Amino acid sequence: GNSVTQMEGPVTLSEEAFLTINCTYTATGYPSLFWYVQYPGEGLQLLLKATKADDKGSNKGFEATYRKETTSFHLEKGSVQVSDSAVYFCALYNNNDMRFGAGTRLTVKP
Amino acid sequence: DTGVSQNPRHKITKRGQNVTFRCDPISEHNRLYWYRQTLGQGPEFLTYFQNEAQLEKSRLLSDRFSAERPKGSFSTLEIQRTEQGDSAMYLCASSSTSGGATDTQYFGPGTRLTVL
Numbered sequence: 001g002n003s004v005t006q007m008e009g010p011v012t013l014s015e016e017a018f019l020t021i022n023c024t025y026t027a028t029g030y031p032s033l034f035w036y037v038q039y040p041g042e043g044l045q046l047l048l049k050a051t052k053a054d055d056k057g058s059n060k061g062f063e064a065t066y067r068k069e070t071t072s073f074h075l076e077k078g079s080v081q082v083s084d085s086a087v088y089f090c091a092l093y094n095n096n097d098m099r100f101g102a103g104t105r106l107t108v109k110p
Numbered sequence: 001d002t003g004v005s006q007n008p009r010h011k012i013t014k015r016g017q018n019v020t021f022r023c024d025p026i027s028e029h030n031r032l033y034w035y036r037q038t039l040g041q042g043p044e045f046l047t048y049f050q051n052e053a054q055l056e057k058s059r060l061l062s063d064r065f066s067a068e069r070p071k072g073s074f075s076t077l078e079i080q081r082t083e084q085g086d087s088a089m090y091l092c093a094s095s096s097t098s099g100g101a102t103d104t105q106y107f108g109p110g111t112r113l114t115v116l
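The listed protein sequences correspond, in order, to chains A and B.
Position one of the first sequence corresponds to residue 1 (the numbering used here), numbered consecutively onward.
Position one of the second sequence corresponds to residue 1 (the numbering used here), numbered consecutively onward.
Treat the hints with care, as some may be off.
[Claimed, not checked] A few chain A positions that, by computed beta-carbon distances, are all more than 10 angstroms from chain B:
| # | residue |
| --- | --- |
| 1 | 19 |
| 2 | 49 |
| 3 | 65 |
| 4 | 71 |
| 5 | 74 |
| 6 | 78 |
| 7 | 79 |
| 8 | 86 |
| 9 | 101 |
[Said to hold, decoys possible] A few chain A residues that face chain B, going by a derived Cβ cut-off under 8 angstroms, partial list only:
| # | residue |
| --- | --- |
| 10 | 43 |
| 11 | 46 |
| 12 | 89 |
No lab work stands behind these hints, which were simulated from the structure alone.
These numbers were taken from a predicted model, which means no experiment stands behind them.
Ideal Cβ positions, reconstructed from N, Cα and C, are used throughout, including at glycine.
Bound-form chain B, shown alone:
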């Protein structure tokens, strides 16, 4: 069990550029979640996948945000036309629907985005 990994750990970009982040979940976990965390706040849920299906995306912050999990393993979160307000830590988490522990999510270290 290598844990949830995220890349890159830090990303600095200029306003208007597109950025993409990657998350690799714990290998046996079929659910994958994306969150945003701003300074002094708790994580804010964005979207989640079960295998390759995106089951909830109504809480993505705007249509500039999109996520994919094409083969049910790793996932990417893309932000198009970044704005300074997108600066935050983007967290990924995973969980398993087997064994009755669907509710327990394990988090990655996050990707810190800075938009100049």
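Bound conformation, chain A alone:
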């Protein structure tokens, strides 16, 4: 079946630090992969997506590359800001089935 496993949090970084949040998946076929972000008090927002192997999704300085050989879609940002503090969810969509990871809470301190 389809499933997503992401790095447990919480993650605390200083401003301008490098961020990596790991995400691996299990799926048959060729799922689409996503990162969603949930800011405090707000709903889920699509951050980036990739639909096929070796695609790189990017938005707001965040990047993730669809790695089929390692079944991974790790989220990275070179220099985080306080405003990036949020919960990040990795997700996959495969055969009309959407699965989310448990979320990773990121706190960025000035």
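Add chain B to chain A, keeping to what the hints say.
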């Protein structure tokens, strides 16, 4: 594009009562999804519609949960005989099957249910 809206944003009810939530999708989206999110977890898929047809409902949590989308626009999720374990955030999302972006879902702000 006004986004996905959900009402009410918060609902407090007593155990055993019925509750109904409403979702209005993005206007041109023909697919609508319902999820439940509990504290510290990712959203858990419940059911989805394409237009007015409910194409998947086997993952509704129990027969106390039901959903409708009678005219293919807004949808309602009803929970009958609520239990304290139903306390959660209920999320709605929508997507479009045209333009090759069926997989991309846009979420509403959610309805937070508290069952006393």
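Now for the hints, and whether the structure bears them out:
1. 19: Its Cβ never comes within 10 angstroms of chain B, the nearest being 19 angstroms, so this holds.
2. 49: violated, 6 angstroms
3. 65: Residue 65 of chain A clear of chain B: closest Cβ-Cβ about 18 angstroms, beyond 10 angstroms.
4. 71: holds, 17 angstroms
5. 74: holds, 17 angstroms
6. 78: Residue 78 of chain A is indeed farther than 10 angstroms from all Cβ atoms of chain B, at 25 angstroms.
7. 79: holds, 26 angstroms
8. 86: Given a closest Cβ separation of 14 angstroms, the condition holds.
9. 101: violated, 5 angstroms
10. 43: Cβ of residue 43 of chain A sits 4 angstroms from chain B, so the hint holds.
11. 46: holds, 7 angstroms
12. 89: holds, 5 angstroms
Hints 2 and 9, counting from the list given before, are not met by this structure.
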